[in-house]
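**Q** Below, each chain spelled out in residue letters.
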Amino acid sequence: MKLAKWILGAAAILGLSATTLQAQETGDPGPAYVQQSLAGKKVVLIPLALGFDLAQGWNHYIGREVRGFGGVWETRDPNWDTAAGAQAITDLISSADKPAVLIVHTPDLTSYSKLFKRAQDAGIFVIQIDNRSNFASDAFVGSNWETLGELEAKAAVEGCGEGSSKKIGLIQGDQVNSSSLDQYAGIAKVLKDHPDFEIVGAPDSNWDVTTARTVATTLLQQHPEVCAVIDFWDNTAAGTAAAIRDAGLQGKVKLVTTGGGEELDCKALEDGTFHAVVMTDVVGQSRDVSALIKFFLQSGLTAGQAKSWIYTLETATTKADLKPGTCWSLKDVQAAEAASK
Amino acid sequence: MKSVFRQGMLTQERIVLVFALVLFALYAVFLKGFLAPNNLVAILRSIAVLGILSVGMGIVVIGRGIDLSMVAVMAMATAWQLTMMNSGTPALTATAITFGFVVLVGVANGVLIAYADVPAVFATLASGNFVFGLIRSRFIVQDAVPVPQDATLLMDFGQARLVGMPIEVIMFAAAALFAFLGLRYSKYGRYVYYQGDNYQAARSMGLPVRPVVILQYVLSALVAWLAGLVTAAGLQSINTRVVNSTLLYDVILVVVIGGIGLSGGKGGMRNVVVGALLIGIMLNGMTILDLPNIYQNLIKASILLVALIIDSRLNPRDEQVGQQGDI
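Chains as they are written, first to last, in my numbering: chain A, 1 to 341; chain B, 1001 to 1327.
So that you can see chain A by itself, here it is in the shape it has in the complex (with noise of 0.2 Å):
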């Protein structure tokens, strides 16, 4: 035993001078790997613009990621345009210079879908963020949007409260996209269990805040009793918000909606123009995406082999709610991004 004793002390000794001598030679194979999985790589992200909250805090989170560990950052920018979008897509798919992962935020649940197969079939990783489609790609990270509609339904039935009319205007956002059609869905399932709710009127704003203030101007107009009103984008919502200002019915109508938790959000919530905002966590979401980049490009998988949903763990956040850090900011992200330039 002692001799054993004394070996293992001896090697021990001979181990650290070793160690002190070379002092690369960690043993850990980890960072050799990943140089060697993900250095060069390029990932591409195509949001439905650029020029929108969400879009830029992908772009300043995950891009910092990918720039950190090596990796080519570029983006392109359809500008809501959904054809511009497939063919940013076709010149990805047939460039000399092929992205290893692609991020996509779809306009609708079938327009890409063809074209992330191709994506797939030409080993591309396709990573859909936000919007989901027809189509199961690699992965999907965003919201569970029936999941993001009951807590939206949920924080409209707390606010109008027991001796309310139980009235609740939903402003949606279209028919095409799976995000306003999952919310609805999971809107109507919560007021199953409320049968004493009602939903006095649904216009769609077709994601125009203009648009979204006309149509909610007559629907205040028609049913001043309506205890809360639900927007399906805090863009929009900015509308619906005048058009409650404008019918004197601040504080009395409580407005609920989703958005990427931008300042603007918490600023809302703060002054009392939103009363819930269910926030579909930007930074978290990035986090996400940027984790799967990594693992896709480490573990072996080819494109189109796996498949997996990545949902963001999402809450109702109002004034209560509401701490330094809970919203991040868009300033900040364009400081950064202008800094890095």
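Because the hints were derived from the structure by calculation, they are not lab data. Values in this document were obtained by computation on a predicted structure and should not be read as measured data. Careful, some of the hints might be misleading.
So the derived list for chain B, only partly shown, Cβ under 10 Å to chain A, looks like this [unchecked claim]:
hint : residue
1    : 1033
2    : 1034
3    : 1036
4    : 1038
5    : 1136
6    : 1140
7    : 1239
8    : 1240
9    : 1284
10   : 1288
11   : 1291
12   : 1296
Short derived list, chain A residues pointing at chain B, Cβ under 10 Å [unchecked claim]:
hint : residue
13   : 51
14   : 81
15   : 241
16   : 338
Every residue, glycine too, gets a C-beta built ideally from N, C-alpha and C.
The hints should help you fit chain B onto chain A, whose structure is shown.
**A** Using the frame of chain A, we list chain B on its own:
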């Protein structure tokens, strides 16, 4: 001149007015709450920006042109102005720069059309895209630009009411009145009609048709900017996504449906007001009925088609004055 104030009972303007009144009466009877004073004000407010744009478009169409860059100028000029103000440029400087830019766009449109003989559709389509691309890529960083909190003048303007009417409605009324007086009583206004009715004849008469055309597009650009400011004041922000919306087609819809013939030289501001009212009543009723957006668009498009057919029946193309680049 024969057709400027068309004789007879069945002018398109009257048909539309009657149609609007019938629709109004039907809604009033069948839709609860339609007649509430606040709803009527809401109708007017909802068409104000559309109406202001249509005033500018109306002037151009009377002069046998079309300005497809209006919505781009409206959104982008205002967005740029607000961006400058947000980053600390004094409001007056930002406004002066924007004014210069807007006039420049109008002059460029006019020169392309009047001197380079580029058809108005293509010239303004291209310049609208150029304005959007330039400002979106160089001068602003995001789609939605908020009105800065310290721009109290613009903020208060958005909340202001005059004789119970929101300021948007007042601005529409003022723009329409101003354009009406200008077109009817100023020498320039008559020139617009003459050259719109028959460009070659107006030119042979010795009218300065090219400067008249240029000023038309400067006016429409300025009116578009006004519409942008009114939007920003009301929403406390401007969203450049409006450029991709159907707003531009709605503006053309108002102008055509009101009875300003696309072949030029006909109609006036009354047509714009009537057209805008019809659209406002129609959309308001459809929203009260909770019709989905796709059906609203379908109904709007069908009405535009009917209006175009009536327009071509009432204002048939004239071989003599038809010209190359005619829309």
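**Q** Kindly indicate which numbered hints from before are broken by the structure, ordering the numbers from low to high.
**A** Failing hints: none at all.
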